[in-house]
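K.L.:
The opening residue of the sequence shown carries number 4 in our numbering; numbering runs sequentially from there.
Treat the hints as calculated values from the structure; they're not laboratory data.
Glycine included, every Cβ here is placed at the ideal spot set by N, Cα and C.
You may find that some hints are simply not true.
DSSO-like, lysine-lysine: derived pairs with alpha carbons at most 27 Å apart [to be verified]: (1) 224 to 262; (2) 231 to 260; (3) 225 to 262; (4) 262 to 231; (5) 225 to 260; (6) 260 to 224.
Label-pair restraints from in silico Cβ distances [claimed, not checked]: (7) 173 to 307: 40 to 46 Å; (8) 64 to 311: 47 to 53 Å; (9) 263 to 95: 55 to 61 Å; (10) 224 to 244: 17 to 23 Å; (11) 304 to 173: 38 to 44 Å; (12) 43 to 78: 21 to 27 Å; (13) 46 to 310: 20 to 26 Å; (14) 73 to 253: 55 to 61 Å; (15) 75 to 249: 49 to 55 Å.
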Amino acid sequence: MSETPSPASDTRQTSPVHFDILVAPGFVLLELASLVDVLRISNRVSATPPFTYTYRSLRGGPVASSSDATVQTETIPNQPDATYLFVIGNSDPDHPDLSLGRVVSNYTYRGAQVFLLAEAASRYIDEQGTADLATHWENASFLRERGARFEAKLSIATERGAVVTCAGMGATTDIALVVIGRHISGPTQLTVADVMLHENIRDFSSMQPFSGAKNTATGDKKLDQCIKLMQANIEDPLPIQDLVDSLNISNRSLERKFKAFFGTTPNGFYREMRLAKANNLLLNTTMSVREIGLACGFPNGFSSVYRSFFGVTPFVMRQQKRQAAQR
Numbered sequence: 004m005s006e007t008p009s010p011a012s013d014t015r016q017t018s019p020v021h022f023d024i025l026v027a028p029g030f031v032l033l034e035l036a037s038l039v040d041v042l043r044i045s046n047r048v049s050a051t052p053p054f055t056y057t058y059r060s061l062r063g064g065p066v067a068s069s070s071d072a073t074v075q076t077e078t079i080p081n082q083p084d085a086t087y088l089f090v091i092g093n094s095d096p097d098h099p100d101l102s103l104g105r106v107v108s109n110y111t112y113r114g115a116q117v118f119l120l121a122e123a124a125s126r127y128i129d130e131q132g133t134a135d136l137a138t139h140w141e142n143a144s145f146l147r148e149r150g151a152r153f154e155a156k157l158s159i160a161t162e163r164g165a166v167v168t169c170a171g172m173g174a175t176t177d178i179a180l181v182v183i184g185r186h187i188s189g190p191t192q193l194t195v196a197d198v199m200l201h202e203n204i205r206d207f208s209s210m211q212p213f214s215g216a217k218n219t220a221t222g223d224k225k226l227d228q229c230i231k232l233m234q235a236n237i238e239d240p241l242p243i244q245d246l247v248d249s250l251n252i253s254n255r256s257l258e259r260k261f262k263a264f265f266g267t268t269p270n271g272f273y274r275e276m277r278l279a280k281a282n283n284l285l286l287n288t289t290m291s292v293r294e295i296g297l298a299c300g301f302p303n304g305f306s307s308v309y310r311s312f313f314g315v316t317p318f319v320m321r322q323q324k325r326q327a328a329q330r
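Make the full structure from the sequences, and use the hints.
P.N.:
This is the structure in structure tokens:
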């Protein structure tokens with residue numbers, strides 16, 4: 004296969020994408036950690052950190068979670084400039100700090116997309132009277148008991164323009180992985196998921212687990228199988244012909260699947276997946292450049308391939324990362 008990659012989308016950003024994370028008193032720590040660790044690991048495995056974030060609350064200062072972990076927060080700015088606002092709710096949909104209609108409008112008016120998790124989603128649905136939105140299945144039952152005239156959706160999220168309502172809990176990891184996938188490449192996104200030991204990235208339309216639905220990483224079983232074969236053969240890459248033979252599909256069919264879901268070719272995706280792993284090893288281990296190249300299927304010319312993709316040699320990248328850590 005050719006070893007001339009195209010530049011990674013996540014290495015060409017002019018400035019980081021910023022997240023405001025709004026927490027209510029008694030917020031769910033799992034939801035906060037699921038979001039923040041996705042952003043943190045993305046920054047760790049990327050050549051240039053693509054994301055920044057700020058903890059916020061209505062009044063600022065320390066805010067305690069339901070498990071007594073506390074985060075220090077800043078107040079909401081009058082003119083927010085974040086790309087995303089994530090609202091982490093608590094176990095009480097009636098809590099006054101979850102009545103956020105004005106906050107949501109303020110952020111969406113300035114171009115941000117707002118993600119409301121679990122109880123925050125329930126409160127928004129209850130106040131706005133908007134059908135076809137998602138929340139955690141327990142909260143959907145709560146809405147029915149309150150006499151709601153509509154049924155909340157049981158997918159892990161619903162996206163309606165600038166407002167996304169979400170099930171929360173463990174599905175927050177999937178939501179965060181989908182969102183970062185808008186700003187970084189597919190292989191880097193999968194590297195983040197692998198570091199988190201998160202096997203499949205569910206899309207927004209995936210049903211919440213209690214429904215018994217069988218989920219896939221991409222929604223296409225053949226594509227899932229191909230990616231798993233690639234992941235299992237990083238050190239000794241398989242020829243694309245071997246992949247299509249194993250999947251019992253044509254080259255053209257596989258190319259269409261990768262183009263539709265990832266916007267690239269199977270060769271390009273496979274190469275970038277190996278480079279993403281190589282970059283992670285380079286920045287977070289003491290392995291030599293040659294050892295990294297061999298471990299990622301580049302027995303020859305690894306430095307040249309790396310430079311054509313990331314813009315600098317592996318030696319320079321490692322040096323820059325170390326210098327940044329010492330500041």
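K.L.:
For each hint, tell me whether it holds in the structure or not.
P.N.:
Hint-by-hint comparison with the structure:
no., hint, verdict
1, 224 to 262, "16 Å, holds"
2, 231 to 260, "15 Å, holds"
3, 225 to 262, "14 Å, holds"
4, 262 to 231, "17 Å, holds"
5, 225 to 260, "9 Å, holds"
6, 260 to 224, "11 Å, holds"
7, 173 to 307: 40 to 46 Å, "42 Å, holds"
8, 64 to 311: 47 to 53 Å, "49 Å, holds"
9, 263 to 95: 55 to 61 Å, "42 Å, violated"
10, 224 to 244: 17 to 23 Å, "20 Å, holds"
11, 304 to 173: 38 to 44 Å, "42 Å, holds"
12, 43 to 78: 21 to 27 Å, "23 Å, holds"
13, 46 to 310: 20 to 26 Å, "22 Å, holds"
14, 73 to 253: 55 to 61 Å, "56 Å, holds"
15, 75 to 249: 49 to 55 Å, "51 Å, holds"
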